[in-house]
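Asker: Letter by letter, the chains look like this.
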Amino acid sequence: MNYYSIRAIYIFEMSRTWRTLLQSIATPVISTCLYFVVFGSAIGSQMMDIDGVSYGAFIVPGLIMLTLLMQSVSNASFGIYFPKFNGTIYEVMSAPISYIEIVIGYVGAAATKSVVLGLIILVTARLFVDYQIDHPVWMFSFLVLTAITFSFLGFIIGIWADGFEKLQIVPMMVVTPLTFLGGTFYSIDMLPSFWQGVTLLNPMVYLVSGFRWAFYGTSDVHIAISLGMTLGFLASFVAITWWIFKTGYKLKS
Amino acid sequence: MQPIISVQQLEKTYEGGSQALKKVDLDIEPGEIFALLGPNGAGKTTLISIICGLVTPTSGRVLADGHDIISDFRAARSKIGLVPQELATNAFEHVITTVRFSRGLFGKPPNEAHIEKVLRDLSLWDKRHTRTMELSGGMKRRLMIAKALSHEPRILFLDEPTAGVDVELRREMWDMVRQLREKGVTIILTTHYIEEAEEMADRIGVINQGRIILVDRKDALMKKLGRKELRLSLHEPLAALPEALNGTDLELVDEGYQLIYRFDAQSDHDDISNLLHRLSTAGIQYRDLQTRESSLEDIFVDLVHGEQEGSA
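First to last, the protein sequences are chains A and B. Under my numbering, the first sequence has 153 at position 153, and the numbering climbs by one with no breaks. Under my numbering, the second sequence has 274 at position 274, and the numbering climbs by one with no breaks.
Because the hints were derived from the structure by calculation, they are not lab data. These figures come from a predicted structure and were not determined experimentally. Don't take every hint at face value.
[Claimed, not checked] Ranges of calculated distance between the beta carbons of each label pair, as one might list FRET restraints:
#1 B:152 with A:224: 51 to 61 angstroms
#2 B:41 with A:21: 42 to 52 angstroms
#3 B:301 with A:21: 49 to 59 angstroms
#4 A:231 with B:23: 47 to 57 angstroms
#5 A:31 with B:72: 11 to 21 angstroms
Think of the CB as a built atom: it goes at the ideal place given N, C-alpha and C, for glycine as much as any other residue.
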């Protein structure tokens, strides 16, 4: 394993985060805080408890998951797309570094940023709503697993994209709507039975549900299914990434 | 002596079907400056890109310092530094950060002393905390060389290193390349500027339509293929060559005011004495006489055109 190469990519990517602190950390934290203020404190106080959890506390896991998914995808996609865009990818592709090491560097850095951001939002949420964490180890595990999984997705998008528009399509047109409709703001038990069935086709339901279980011990779907689905996504994205490097798709002629 | 780069039967056919390289064999000796010349689309960049790992070969084999570039890519690539043709830098990063990144990327532990030396050698030390977007074109080019040298490669590829740089900077680059060679770095450069190859290269390879058509030492090449030209300015214009000069390779130009005689650089100089004697006997007076040796550019153009005509 070429640790110096992995370290170089990781540090380079992380330094971009610190350089763009306002955009990388402050903006998503402020956006999420606004959700807490509006849905948690203002509207939430007028809402019924869900499964014995106040509405403000109920949306905490979903909102963290929403930010986590968005940031994982956008951090990782930008991380690999930008060297392609400015031409410096030649350096990575000509370095004595294996594909696994490249992925560890880029995906690792993107996932780290997302986890840090998720923890900041978790702490910030405490300023607005009371919540509990019944299973802190599971909560952290879900956080890390989801960040890694969706950083893989972002990495794939970054390689696939040949313009900034494509870079935004999947996060904005797919990830965000599915997360909103995946139980971030409601329990799927609140939906008519037909729509409950339809919602179960939404992969985000399993992520949000599993993460919420770690907080309150209740979930829309069984924790084992949530975990299985998350691992299934991870395996799929790893397989696609492996194929990309094996074929040199959009990286090598 | 084992070549530092050995290209064996290398072929590359791109997805669209265009064949960029056709059974290329090439050995580069350690410590030399090798210039690879060829017209646009000849296969220069494809060849370099394969050796550096950016393009996958269709068939054939390349060894870098004895290491196969595919099965032993770590060892092979760690020996190589690449400066591509396009100026590609991380616009928002500081100069020193990007050089540190390059060193780490190539698996080398941090070494601030080496990075300082590289930046000083390339007159970039004072700019180390400057964002790369604020550098001039010439400085960016030097930064790319600094990045390529940051991991102490034994082999340096320079793809059109002086494209778009001014004359002064070009001279500076040439000096820098010579200094690198003195330190034992093997340099392979591609260039459109024949003057550059003529100035710097120990050996020259000419590639055309995906084939290496010639590899030789520069001086041997100039001697073997170089031609000389004798130009005589006449006192009185000639309407045609007099019969007495039949059988000579003389050409009448400039409305009869000049005679040109072309001959091999290696030929016996008695030819010229004989010619001048025959001119004198024919009563042709000249007021000036000039000789010119063909440049590498002339040789290159002759070679490439000859090859194209041969394949047509």
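Asker: Evaluate each hint against the coordinates.
Answerer: Now for the hints, and whether the structure bears them out:
Taking 51 to 61 angstroms as the suggested C-beta distance range, the pair residue 152 of chain B and residue 224 of chain A conforms, at roughly 53 angstroms. For the pair residue 41 of chain B and residue 21 of chain A, the beta carbons lie near 46 angstroms from each other, so the given range of 42 to 52 angstroms is met. Separation of residue 301 of chain B from residue 21 of chain A is about 57 angstroms and conforms to the stated range, judged on CB atoms against 49 to 59 angstroms. Look at residue 231 of chain A against residue 23 of chain B: about 49 angstroms separates their beta carbons, and that is inside 47 to 57 angstroms.
Checking the proposed 11 to 21 angstroms range against residue 31 of chain A and residue 72 of chain B shows it is violated: the Cβ atoms sit about 49 angstroms from each other.
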